[in-house]
Structures are given as structure tokens and as C-alpha cells.
Amino acid sequence: MSLAIVHSRAQVGVEAPAVTVEAHLANGLPALTLVGLPEGAVKESKDRVRSAILNSGLDFPARRITLNLAPADLPKDGGRFDLAIALGLLAASGQVPLVELQDVECLGELALSGAIRPIQGVLPAALAARAAERTLIIPAVNAEEACLASGLRVIAVNHLLELVAHFNGRTVIAPYQSSGLLHQPKPYPDLSEVQGQTAAKRALVIAAAGAHNLLFSGPPGTGKTLLASRLPGLLPPLDEHEALEVAAIQSVASQVPLTSWPQRPFRQPHHSASGPALVGGGCRIWKLMRRIFGVCGRSARQPLYSLSLNNLGDCVLF
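Positions in the sequence shown are counted from 1; adding 322 to them yields the working numbering.
No wet-lab data here; the hints were simulated from the structure. Think of the CB as a built atom: it goes at the ideal place given N, C-alpha and C, for glycine as much as any other residue. Be aware that a few hints might be false.
[Unchecked claim] Cβ-Cβ distance ranges computed for the label pairs, FRET-style: (1) 599 with 397: 21 to 27 Å; (2) 535 with 564: 16 to 22 Å; (3) 561 with 359: 33 to 39 Å; (4) 525 with 501: 39 to 45 Å.
[Claimed, not checked] Listed below are the simulated PhoX-like cross-link pairs for lysine-lysine, each with C-alpha atoms no more than 25 Å apart in a straight line: (5) 523 with 508; (6) 546 with 523; (7) 546 with 508.
Just need the whole structure built from these sequences, with the hints factored in.
Rendered as C-alpha cells:
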């Protein structure tokens with residue numbers, strides 16, 4: 323069959339909308355056309371995929387190839403679609419059984435040698451794949467992060483040839499099992515370690531109980547940072563949904579702490595941080611909405627502490 327469909331996931335902020343990679347082989351002069359609103363990194367994938375397939379000892383179809391990334395109105399960026407594109411071409415050319423691709427989702431960037439490189443934003447894609455009840459095929463480096471989505475079947479691979487051999491029945495890749503190194507929380511600083519500061523400690527407890535904003539005012543060295551760093555220990559533990567929400571934000575920013583992800587991080591941006599550094603910026607607004615939105619955006623359900631508000635500027639405080 324000259325048409326193959328492979329499922330994948332895009333990255334839009336902390337969401338992972340479904341993307342269908344359609345590969346069609348037609349008669350005519352050899353050519354490859356990529357459509358579906360791809361950005362620069364996705365357009366370059368056709369060269370990476372070609373080299374990866376050839377260097378893996380597989381046949382790159384010498385036909386007129388059309389690749390469509392649907393939905394067409396969703397911008398796609400990054401190298402996360404390389405693996406899905408390669409599997410689509412191999413399935414359309416009969417080198418991989420089509421039936422094996424029906425209930426799987428593929429993410430991964432291909433090296434020219436056929437090795438599969440890690441990507442960012444794996445956890446949102448893993449949560450979406452679990453909701454869709456599909457198996458997720460990802461680079462082996464990202465496997466531990468994907469296992470945070472409990473109940474998801476994860477296939478971790480290092481090379482394109484491993485996956486082709488698995489789909490053709492020559493080898494069997496067992497579902498990845500977590501190494502068990504997760505959930506090793508670190509103790510929070512204890513408020514009882516702070517001597518004196520009775521009024522400030524009471525204000526801190528009230529702010530934690532009601533999820534209020536809190537402003538400490540005083541000269542340097544009076545304990546403002548010391549008190550603020552004790553706030554996470556006063557807050558209730560994150561439930562699984564909240565912890566996964568925080569971890570998904572960190573996944574997009576490639577900062578997931580696998581050993582302490584259920585904990586509330588304490589974010590303390592530098593007092594000289596600019597407005598764009600805190601709230602995001604430096605690009606067009608439609609691109610900004612698809613990316614992680616600065617320190618403030620990464621601080622969802624987390625204490626955010628900033629020293630010396632007078633250095634931040636009116637636009638940041640607003």
C-alpha cells in the first residue's frame with residue numbers, strides 16, 4: 323500500500339495536541355514534499371530522515387513522496403516528528419507492517435546515523451497518549467520521564483533499526499519499566515529553625531493557609547529570604563494531578579527533577595530579571611503562546627519569591 327498513517331504529538335505550551343503524519347508514495351520523478359504548516363526544523367527533517375533510513379541499511383523509496391502533518395492549521399516545530407515521518411515512509415514502502423502502527427504514537431528526533439535523540443516536552447505527550455489509550459514510542463533517554471504517566475505503555479528505543487526489527491517480528495522490545503529511582507523527596511527547610519520573627523512567621527502561616535500573596539519589607543539581612551524559603555514546607559503536598567501539572571511545565575522547559583517531581587519547587591528569580599524573563603517574550607505572540615512563558619509561567623502551583631521588587635520595574639509588577 324502506498325499510503326501510511328502514523329500518530330504523533332505536537333507541543334503547544336503545556337499541551338500535546340495529536341498530529342497525524344500521512345505518507346503517500348506516487349508515481350513520478352523522485353521528490354519529497356512536506357506540507358501541514360511545518361516550521362524550519364520540521365522542513366529540515368526530510369534530509370535527516372533520508373540519511374537515517376539509508377545509513378540504517380534500509381531502502382529510501384525512490385518515488386514522488388508527499389508528507390502531510392495534520393491538522394494543517396496547527397504550526398509544527400522541532401525535530402519531534404522525525405521518527406513518525408521515517409516510520410510512515412517505511413510503512414508506505416512495505417518495509418514495516420501498517421497494522422503495527424495503528425495503536426502507537428511516535429516521538430523522537432533522528433540523527434543521520436539512525437540513532438534516536440531525546441526531545442523536550444515528553445510528559446505532556448505521555449499524558450495525552452495515556453488518555454488516548456495508545457502505546458508511546460520515545461527515545462530511551464526520555465523513558466523515565468514518560469513513566470511519570472502511570473499506566474502508560476512505553477517503548478524506549480535507541481535506534482531506528484531496533485524499531486523496524488520489532489515491528490517486523492525479528493526482535494521484541496519489552497515495555498519499559500521504571501528504574502524505581504523516582505519519588506525520593508528532599509526535606510523542606512523547617513519554619514521552626516527560624517528564631518524570633520513572630521509576626522513575620524504568623525503572616526507566613528496565614529499566607530500559606532489562604533494562598534495569599536505576601537510582601538516582606540525590610541533592610542538586607544533581616545531574614546526575608548530565610549522566611550520565604552520556609553513557605554513550601556507549610557503548603558499541603560501536591561496531589562497527583564497537581565504534581566503532574568507542575569512536572570509537565572518543567573518538562574517543556576526541560577527541567578524535570580525525576581527524583582523529587584511530586585514536591586513543590588521554590589522559584590527565586592534574580593532581582594535583576596527583566597520583564598520578558600519573568601513573563602516570557604522575545605517573539606511574536608502566537609509563538610509565545612506555544613512556548614513556556616517565563617519564570618512566572620513555570621511557577622504554577624509553586625511559591626515564587628523575588629528579592630528587591632524595586633529593581634523589577636513597573637511593567638513587571640503590573
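Checked hints:
| no. | hint | result |
| --- | --- | --- |
| 1 | 599 with 397: 21 to 27 Å | 24 Å, holds |
| 2 | 535 with 564: 16 to 22 Å | 19 Å, holds |
| 3 | 561 with 359: 33 to 39 Å | 37 Å, holds |
| 4 | 525 with 501: 39 to 45 Å | 43 Å, holds |
| 5 | 523 with 508 | 22 Å, holds |
| 6 | 546 with 523 | 10 Å, holds |
| 7 | 546 with 508 | 22 Å, holds |
The structure agrees with every numbered hint stated previously.
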